[in-house]
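K.L.:
Heads up: the protein sequence lines correspond to chains L and F, in order. Letter 123 of the first sequence, counting from 1, is numbered 123 in this note's numbering, and no numbers are missing. Numbers given in this note's numbering equal positions in the second sequence, counted from 1, plus 1000.
These aren't lab readings, by the way, just hints derived from the structure by calculation. The reader is advised that the hints may include incorrect statements.
With a straight-line cut-off of 30 Å between C-alpha atoms, the simulated DSSO-like cross-links for lysine-lysine are [stated by the list, open to error]:
hint	chain 1	residue 1	chain 2	residue 2
1	F	Lys1426	F	Lys1551
2	F	Lys1493	F	Lys1026
3	F	Lys1026	F	Lys1495
4	F	Lys1426	F	Lys1495
5	F	Lys1495	F	Lys1551
6	F	Lys1493	F	Lys1426
7	F	Lys1551	L	Lys88
8	F	Lys1528	F	Lys1551
9	F	Lys1495	L	Lys88
10	F	Lys1426	L	Lys88
11	F	Lys1551	F	Lys1493
12	F	Lys1493	L	Lys88
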Amino acid sequence: MNLPKLGNTQKQGGGGFPVVWIVIGGLIVIVGGYLISLVTPSILPRAGSAQAVLIDDLFRFMLFIGGGVFVLVEGLLLVSVIRFRHRKGDRADGPPIQGNTTLEFVWTVIPAIVVTVIAIYAFVVWQQIETVPPNSQQVGALGQRYAWSFSYEANSETLPPDVNMDAVPEDVVTRISSEEGLTFTSPQLHTWVNQPVNVSMETDDVNHAFWIPGMRIKQDLLAGRVTSIAFTPIEAGVYRIVCAELCGGGHGNMAGIVTPSGELSGAWLIVHPDEETYLREFYYPELEKILYPPTDPALLGRQVIQNYPCSGCHILDDLGWVGVTGPTLNGIASRSARLTASGYSDMADYLHASIRNPGEYLVPGYNNLMIQFNADPAQPNYMSDADLDAIVAYLLTQTQ
Amino acid sequence: MATISAPLPGIQVSEEGKLRIGDYLKWSVDHKIIGVQYAVTALFFFIIGGALAMAIRWELLTPALDVAADGTAYNQFFTMHGTVMIFLWIIPMMAGFGNYLVPLMLGAKDMAFPWLNAFAFWLIPPAGVLMILGYFAGQAQAGWTAYPPLSTMFSDGDGQTMWAIAIHLLGASSILGALNFIVTIRNMRPEGMGYFQMPLFVWAMLATSIIIVMATPFLAGGLTLLILDRVAGTAFFNPAQGGDVLLWQNVFWFYSHPAVYIMVLPGFGMLSEVLSVHARKNVFGYRAIALSSMAIALVGFTVWAHHMFTSLTPSLRIPFMVTSMIIAVPTGIKIFSWIGTIWGGKIRFNSAMLFGLGFLSMFVIGGISGVMLAAVPFDLHVHDTYFVVSHFHFVLYGGSVLAIYAGIYHWWPKVTGTLLNESMGKWHFWLTYVSFFFTFFPMHLLGMLGMPRRVAVYAPEFQTLNSIVSFASFVLGISTFILLYNMVYSLIKRKQAGPNPWRALTLEWATSSPPPAHNFHGDPVPYKNPYGYGTEAAYRYLEAQEAELGKSWPNLEEEPARALKPSSSPAGD
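In isolation and in its complexed conformation, chain F is listed as follows (with noise of 0.2 Å):
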């Protein structure tokens, strides 16, 4: 499999040329730029998001409504909450990962379709605008699962159709970038590279690629009809002319529990290299991690009635309830084999490796309660409580969010060049990892007790556990600013990072930092295993690399691990 080697068109700058930032707010079809396009503009809607979720927290500090001016108005917040959270900060953020890792980790020099990596970016920025501008028309405000008729005939304003259109655009612009991933991945890996020579992140992007060309098209569909019934009159919703409201709730869910793994697979990714790099330790079953994304993808089509179990036809529950205890496995295989990835390791607690570890510790909570809502009669009680909404924070924030930081601290020295603050990003760490838990966890009791989700008065007995969430919460969202100040400081303070400061045997580190514009000096020869740390080759490998490209840690206070010696392994590969 050849890489390509023509001049790729539309590349402004040279080879030798340092990027300005103008080159970043314009038009470029460098995967690199548009990787981090990606990347800054979700980093906006977090911002966004989180004052949202903090009005929410806000408003529930007491059991009456006092903060936002009516019902309508805290329904408005969670609705935005939620859906920037979702279509304007995870995935996007996570396809920004993929474009600027994607290329650099098989050694090429771009995405396959360079032009249409940059058409799928160019469709984020209006569609976000388009959404949050629907707050002059009415904002949306049926939840970020739109379930009609509430969004239909029971929402006068156009915000919702706006809503609509714009998470049509967002699904279009996520699978023009599935399909770029797919062909890349397939096509474009150097000599030597098959498929189970790849590194886990890319197994990852692969899954997470094939299930959403596989499952977004069926939230254009149900979208399609949601925006009919509200602006052409048709009736696909509306049960008196004979539509049903349950179609749309399982057209949605068939994309949107997918969605969920859209969201962690490339987490999971980003755990398996940030954790065997600085524990600097070979991946742990690699074959297994690779192979349970792809049963998570798949098994993943045939759960996704489990957010039904309070509205399907009852017969329905249990075919629903076994497919959604089966994916806990291929789940379970992976916590068991980055817990034996890091097992026996040489563990370096710098940033990224805690946010690293602490996604297992706190991803596993949101397994735990996953399965137990998985079984039918359970949820029949905390069914769309707070129970709920505890479950999937630990999934996305303690999963999606903190792999999405610990891919920050891991990868930020190859972006840009330069070291982020370590203290500043144990600070980070040590803030986000106890308010994140004291700001979920309390909220597993309140679902059961008896508080549903998404209301804005609650029962007074509540309030005391509602205070404790709510407190912890501003201490999370103040938590993210020491990372964009410890960003910007790195910026200004420009601590050279050097080629691979981490020592990985990747190919993102196998180039200058950051790297030029068509990526690699030459044609980069990747190491065999690329997680084969503590053997003599690799060792051999990272001192050729280190003669090219120079001194891998030029700034770091204490020198990565450069084992000439593995400390014991006489077997080695």
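Bound conformation, chain L alone (with noise of 0.2 Å):
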């Protein structure tokens, strides 16, 4: 084939660039490419972790370099068809050229350059946010269709500093004084302000994704095994915890909300302004919980109840839950033709045997997608006798 000699095709073919062009139109990509990145602040949430401070700014970068492209192709694309449209009455083809040898070089190499420098960027950002600080506060989240929950330690160490020790009840005592401990669980994540949270993540069914906007990071949990993200947040405030991983029927209500009335439900991560607050706002209060347990049994359900995941499924004003995938518990105690239609004459024995078998029988128009709390520690989602005991005596108090 005669090809036309590669150097002079483009003055041939009338669609040469002269240098001052190819001048004005890189100022005008990078300037482009500028201005488009100025938008970031607004398209993410507020930045809540060193992560995110990084993660931005990379983000920033990458929208810099792809405003760019975005200017330069679209910009060529616009000048082609103005430039080069048909116009009437002309009936020619265009030039025969072929290709251009150096120009083929340019579009390859460039880019090859280019997307270099985003790897190693993104590389170094990796590296920084992927290491775990020595000093890290240990959460457990669990996550379950459809709620998280997140546990706590306490130990002889992490008393409150006014504890009344006669006043806690003995196997509590033994717990506590106990090598491991005891944990209790909150379906918030509570941290402050500069303190590092790693977050170990266990699954009780199917994968779930842990992802909070606000501090930029996402773990999956994934069934039969442990995984886990660190952060620190930077700013006081309270960030959406949100599932980003498909859970199945219930998957958009597994995130923090607000209630109608306007308060937290579900799960939200709550960052204090420092540790001294985190200790008397949240961890000493719901330390005490079990410390000093009510006596009245109802006080105790409403509180026990929240260590499960039922917010997930259920609406229950009192609790400010929303969940819509099983029947509501308002006004649960007032449902007498239920408990016709179960076969139980007593609401607690009715109760109790939704809890601990949920299939037994089921309310019309749901199915059978509850957890089933057995008695027995060695089995998954144990609930102790106790407890179901407090929480029958909670519910048994919703009445319409």
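With the hints as a guide, bring both chains together as one complex.
P.N.:
Quick look at the structure:
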């Protein structure tokens, strides 16, 4: 084939770029990319962690490059369709240019350099966010369809300064002074500013993903494995925790919500301004609920039920729950028709059975999706008889 | 390389016989009939998948669950939407284009294995029906990715099993079709057409077929394990009995990432044809475009785990980031080569070209967000969010579907012998283009601001953006019917297209429209360069073709380009 000489094809084709156009075009691309990258803060949530700051900077850089590529490609397309549009009466074909090795070399090498730079930058950021600081607060996260619970450790060294050991039940004293200590759970993840947190996560059922958009971190929970991710919050506030891996019909409910009355419900990250506030407002009060359990079983039940993942599926106005996968718990104690249908004569017995063996009687319109809470500590989803009695006592107060 | 000259068995129509609708409804080994069968079947499923998309967007108009009966029903919507669009729309549609065009572009009488070709097609309708019928058995609801244990121990309905069997059949169909393409392209090129004289669409089909043959067996293996876990009590994915949920993710993505290229490479090929013909200019950097398809096919096998950046062992994430970034380079070569192709040409803004340019301008956005997603730290934030949904719709709708539209407008005259209405085509383009952008671009923002994908309920602050997306998507859905109406209108109106209305140089135009049963009247002689526009030799070639076949453009308002003296080419080939 009689190819045109490569060096002068551009001039022949009438589509050549004088140097001045390359300079002007380059400036448009750089300025365009820069202007596009300025939108970064408005399209990301407030950066709440040290990791988020690094990731946002990486994104701003990529948006600068990507915005430049966008301006370049769309600009060239726009110039082409205007300048080289077919004009009425023009019966000619375009010039027979088959390529230009220099140009092709340039548009292979420059993108290769650009992605190499992005990859190196991303690698540097990755090394920084992957490191788990040694003084991290250890928190356990349990994902269950469709709620999160976070577990905190307590031992004899973390007790409130004004603890009154005489008022603590004996079994709690034994557990807390043992080597393992005791753990208590909360639907919220609490920490304080500048305290690195290492979240170690497990799932009871399917895969989930632990995502805090404000912290820019995400890690899947994998059935049969323990996974973890660390982050360091830098600003006090509340941040929504979201499940980001499809886990079933209630997947969208497995996130922090704001109830109609404006309260936080479900999974939230609460970053206290300092350790003292964290202890005063969260850690000690939560621990005291175990140290000094209420004597009224209904009050105890109201406290205990929040340690189990019920909020993801049930509505209960008293606690701000809005789940819809399961039947509502509002006014449960007054549902005599259901009691009759279930075959029980005593509401307490029905509630006991519904928790220990949820499949035994299904409320019409709902599927058998609830976790079966076992009385045997060796089984998964253990619920002690004491907890169950307290929960039933609490639910019996939910009348219409 | 000689073409097959013996008569092919099983073609019922005579050389001159006209095809009737009934011929398309029964078994045929004619690649043109099979191509149309693929395309019509795929369009049918496109409408089903689109209806499901409308249901999804209707649900997402408000933050609460109000359209779907429950969350599970919503999950079934998007599971079927994704599966239908991938396995029953884009992949079969591309196979349809390949079937119709590859033998014609090679000047061959049919595919290498005509019977196998028909068999591969006829696996699709039963598979599609089986998948849809899952609705009556508890439809699949674990997403098109079907991650265990959600898709195994936590999906009671038999629909999930039917889903897996249906995809198994579709995968088998895909493999058989791909083998046929490879053998056809390898052996049935005409005298004088080496690999580097093939049309770029044929190159793209070759690269696609190689990916299918290498990758789809992995999907088949994974699906077999999934089905066994569901029906035979095995525990490949059950950690309680020693299984591993990451095994599925690895095997699934080892197929499904290359599958992205299975869906988009034929679109790249069509784009090269459309841009060159309607800009009346040689493809810029033919070899680079041809070989970059192969580079994408090969590198595409090393990037799968970027779909697992939040589940993969952290130490393995960086290598996959590097490979995923590398694949941007051959893709960039293509984009710049296409711009080089139209630069300096005589761009004719007919519907095919508009969709071609639309593809180019939207696909680049998907490419940019793809590089962003490849960067592990940023992916930690946007993984499994609407950012990803946006990215892959820019690639698969802005890429594959707009390419399919361009291909439909470009080759419709060849397939049916009639022209599509250009005004309707332009309405179709502008409505699709604008509503496409407003459907998918705001999704980037939703994902970055904190909305995960696959949710039926979302935080109230996302309602404004979601409403924009939903309303735009309704326009996008409606715009599809302009094309369908145009097709019917064209078949009733029968405005004759002529053999070569675009005066293109590739061989599928060197025969009557529609082509006769054995494709060509005699043995066609390919022009030495399938894109050699603007040269005197090409003009002579087309003139000789016209003398033999009749006028190229009997009914176009404007006479197509016919450069006797190329405008400025003293050194043409």
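K.L.:
Evaluate each hint against the coordinates.
P.N.:
Hints, one by one, checked against the model:
{"no.": "1", "hint": "F/Lys1426 x F/Lys1551", "in the structure": "26 Å, holds"}
{"no.": "2", "hint": "F/Lys1493 x F/Lys1026", "in the structure": "26 Å, holds"}
{"no.": "3", "hint": "F/Lys1026 x F/Lys1495", "in the structure": "27 Å, holds"}
{"no.": "4", "hint": "F/Lys1426 x F/Lys1495", "in the structure": "18 Å, holds"}
{"no.": "5", "hint": "F/Lys1495 x F/Lys1551", "in the structure": "14 Å, holds"}
{"no.": "6", "hint": "F/Lys1493 x F/Lys1426", "in the structure": "18 Å, holds"}
{"no.": "7", "hint": "F/Lys1551 x L/Lys88", "in the structure": "21 Å, holds"}
{"no.": "8", "hint": "F/Lys1528 x F/Lys1551", "in the structure": "22 Å, holds"}
{"no.": "9", "hint": "F/Lys1495 x L/Lys88", "in the structure": "23 Å, holds"}
{"no.": "10", "hint": "F/Lys1426 x L/Lys88", "in the structure": "18 Å, holds"}
{"no.": "11", "hint": "F/Lys1551 x F/Lys1493", "in the structure": "20 Å, holds"}
{"no.": "12", "hint": "F/Lys1493 x L/Lys88", "in the structure": "27 Å, holds"}
Of the numbered hints given earlier, the model fails none.
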